[in-house]
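Quick mapping for you: the protein sequence lines, in order, are chains A and B.
Our numbering puts the first residue of the first sequence at 1, with every later residue one more than the last.
Our numbering puts the first residue of the second sequence at 1, with every later residue one more than the last.
Hints may contain errors.
Unchecked claim - The calculated SDA-like cross-link candidates involving lysine to any residue, where the alpha carbons are at most 20 angstroms apart (straight line), are:
1) B:K126 / A:L332
2) B:K359 / A:L107
3) A:K387 / B:K359
4) B:K170 / A:K387
5) A:K387 / B:N388
6) A:K311 / B:K126
7) B:K359 / A:S329
8) B:K170 / A:L332
Calculated directly from the structure, the hints in this document are not laboratory data.
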Amino acid sequence: MSGWTDLFTVLPLPENWLRALLFVSFGLHMLFALLTVGTTLLGMLFLVYDRFHGLPAERDMRSHLGLRTLLVVLGVAPLLIIQVRYPHAFFTATGLFAYGWLALIPLIIISFLLLDGLRHTERNHHSRLTLTYGIISAALLLTVPAVFTGVLTLMERQEAWPVFGASGFGVNGALALHWLLRYLHVIGASCLFGAAFLLLFAKGEEQGKVPRLRNWLFGAVLAQIVIGIPLLFTVAKDMNWAMLWVVTLGAAAAMALLWIMRPGAAWPDAAVPRGLLVLLPLIFVAMLASRQMLQDRAVMPVEEQAVLARKERAAALQPYQQQALQSFSEKLATVYDNGETIYVQACAACHGGGGQGDGPAAVRLMVPAEELSAIRADREYIYGILKDGTPGTAMPYFRHYDREKLDLLLDWLSETFGMFDASPAAGDKHGDRAQAATVWAATCATCHGADGGISDFGRTLRPSPPDFRRFSLTPERAMDVITAGYPGTVMQPFRALPENLRRDLAGMANSFRSPDKKKTQ
Amino acid sequence: MMFPLLQIPGLGNGMTIALDAVPHVVISHGVAIGTISIIVLFQTLAYAGKGEHWARTARTLLNPVVVVVTSIGAITGVGIWVITGALAPEGIGSLIHLFFWPWFIEWGAFTGEVIFLLALYYNWDKLVTIRPGLLVALGWGYVGMGVASAVLISGVLGFMLTPGGWPWAKSFAEAYFNPTFVPQVVLRLAGGLTLGSLFIMTWAAWRFKGWEEERGSVLRLAGGILPVAMLVAAISAYIYFSRVPQTYLTHWKFAVGTSALSQAPHLLPLANAVACLLILAMGLAAFFRRAALCRVLCIPAILFSFALVAEFERVREFVRGPYLLPGYMYANQVLLIEHAAGERTDAPFLPNIRWVSGKVGQTAEMTAGQAIFAANCGMCHSGAKGVNAISTRAAGRPIDGINAIIGMTQGLGPFMPPFTGSEQERLLLADYIYKLANGDAPHREPGAKGKKP
């Protein structure tokens, strides 16, 4: 059961099976990768060569679509297996290399589309356009292995991760050298297998290309040996005997291939030497096997360590399983299709279950949450506050609820708190009305405006005062605010004023709201 | 948070996925399944002796369709995985561990699909004369593989919405054969056929070369398929949406319209109705062989159909709520159980974030705040600017308000995950967000008075 606490610790297959599957599927993917890159690269080189030597440019790019499509499809399986077999190294490397990794998608799409466009231009004999498309698409295609080798290089070098994480693409010398050689080795292998593919499948009028392809094949094998030796030195410390044997086998096969392909060797006119069909697969399998061994040696310890840490964490978290599922169930049962649910979920934390402004989160606020049950206001005014929030306070905007939800909430506020009822009548005169009007004009109007609307100065405040033409409070609450002030705002306590005057001012504050609107609510 | 946290600047993570995923859905459903099925149908009609123009039409459409499917369709498909893997490695890694086998078998179907397609592509001209029956069989083989691939992947997609009893029972069968599996498969296939028939009509109206009667028969067939496919899509969509969690579905207008359009209650239903009617009108115009009318209607119909695809995918993503794997992991890759434990113990979360990097000259508090933001909010929110920038969302809120809001995200917006971290980290996060929302005031030189800043 504990495996399900952390899914990374569940393996769909035993490790040995995964390794075998990875080797086979990665091999198939690499085969088509080499063929796609190789035939494209050689095709473009021949195109440029022919053009500058005035030769007719006749090549068959028809195989390209099939090769590259299989390349993409066959890439899915190794990606899948890698993400199960060593996800930690893989996701860390792709995460650190993220922008290069993500750039692969547009790079590949554009390159493929250009190659298709190229076939189209060729058919219509736009030779300059053909050349442009060809060069751009080949260049784009050549960056793809650079990204992949970069990711793999980083994946196999745990010690380089912190540096890479801190300074982005800043790679140190040893890593850069390995990356460069590895990339060149892939390009060399592409030329090798691309040339071999074209040789084996050359037919009809393409037979004229055979000598050229032979030279390329010979050159590519030679280049692979030249690049391979320093590449081997960059990974010397990770090698073991098994790997050394496999590399030696591959190298011996490469030497044999060189001998068969040597310039001046007897070469049957139409057929390709049988030796090629044995040696090429041998070289391919040997090189991929040694690559796999190196990768496993570098990456598996990282993976084992990470899985161990995950298992420890899962065991520590296990006791909280019931609690987590409980809140998940509750959450799924909470549907925001009624005003009460919306209020309880979204408002009550600050405004309190009874609308007293005393919710559990309210204690954190410098500007206290308003007592909703004391508000008597226009529905549209409150809707405006819901829509835009109150800047300068914790009251957020609620446009992440659609209009229907806000209407449900407003309905509920109306039913529960009578929020849109008429403003309470000013009541009996307590003191000298004229005096209250004078105080209002001299003091309150600075922010609240002479007509209860917000003054120009009031508008500059955060939070701004409410618009008393559309908003009022119960007399008790208004009295409280006048007496004690509104903490966190410029509304200061006016305790010093006589009580009767404060009562009159509270009455005044309630008198601005238009009576006909009160009736319609 | 063992893996580096990535936030795509400007676009944001969600929009980056959408830019790749929506074209993929349009192509994989509309072209790879819809259009090619109809092409194979055309070839079958030719084989059945219903006219040579069916074969000609099929052959003409094959090349561009293969190019689009193999160049854009396949790459954007792998692209969804590449992008989500980089953005949410914990989520994708967990899904892959759970669904390795369906995914692996789906890969087999995908490979089979491609092999059939390539076999068609390379051998069409040869087979059409010597073995037309085999050609038709290859075509239906392709369609079968395509449908199998769509069926296999739907279990995984459905799980992310409706995990059935999986969170409790933890069995693979509960997870994979979940309530939205079947309606989603039918919806996607019928939607694909709708799109495919739209594409075929558009092509026939504009580019068909041949007798007007032949064009008319192509239009009539495609126009006959469209309303039926649309009806099936509508019914399956209804069943599908009745099975997804209503907790989040009731927020669909906000999901699609965002806070910019959420206050116009009738806009989206109206736009959807107009879109469906236009597409249906296009189908009827084709059915009655009105090529000229089709030429006019095709542009809005296709644009609206893309918009409907985008809308559906947006809603589907949204109704997952705050979860990446329901009952297991939140959208920000925090495990439900991890959050539950943290809540009890007030444990700090920063030590779990392995990759923390700040800008040069940044205070330690800001670096910590940035990391906490990336881990908690960064999956959906951009920072200072970009799509769904937190600086806009928190504008006008004082720091105490931000701190309070962080503590109640789940209730405030039920599609938001809760904050995971200690009280002190919550303050650091509030401070960080406050500073993002309230950047330094523009400084004006004393001499530059009167000039625009």
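Quiz item: Is the hinted pair K170 of chain B and L332 of chain A satisfied, with a Cα-Cα distance of at most 20 angstroms?
Solution: Holds - the C-alpha atoms of L332 of chain A and K170 of chain B are around 18 angstroms apart, at most 20 angstroms.
Quiz item: Quick one, are K311 of chain A and K126 of chain B close enough, alpha carbons at most 20 angstroms?
Solution: violated (58 angstroms)
Quiz item: Does K387 of chain A lie within 20 angstroms of K170 of chain B when you go C-alpha to C-alpha?
Solution: Given pair K170 of chain B, K387 of chain A is violated - Cα atoms ~42 angstroms apart, limit 20 angstroms.
Self-check item: 20 angstroms Cα cutoff - pair K359 of chain B, S329 of chain A
Solution: violated (41 angstroms)
Quiz prompt | Holds or violated: K359 of chain B to L107 of chain A, with C-alpha atoms at most 20 angstroms apart | solution = Distance of about 29 angstroms is beyond 20 angstroms: violated.
Exercise. Compare the distance between the alpha carbons of K387 of chain A and K359 of chain B with 20 angstroms, and conclude whether the hinted pair is satisfied.
Key: violated (36 angstroms)
Quiz prompt | Pair hint outcome, K387 of chain A versus N388 of chain B [Cα-Cα no greater than 20 angstroms] | solution = Given pair K387 of chain A, N388 of chain B holds - Cα atoms ~17 angstroms apart, limit 20 angstroms.
Practice problem: Would you mind confirming whether the straight-line C-alpha gap from K126 of chain B to L332 of chain A stays at or under 20 angstroms? | Solution: Roughly 58 angstroms separates the two Cα atoms, so the pair is violated.
In this structure, the earlier hints numbered 1, 2, 3, 4, 6 and 7 are contradicted, and the remaining ones agree with it.
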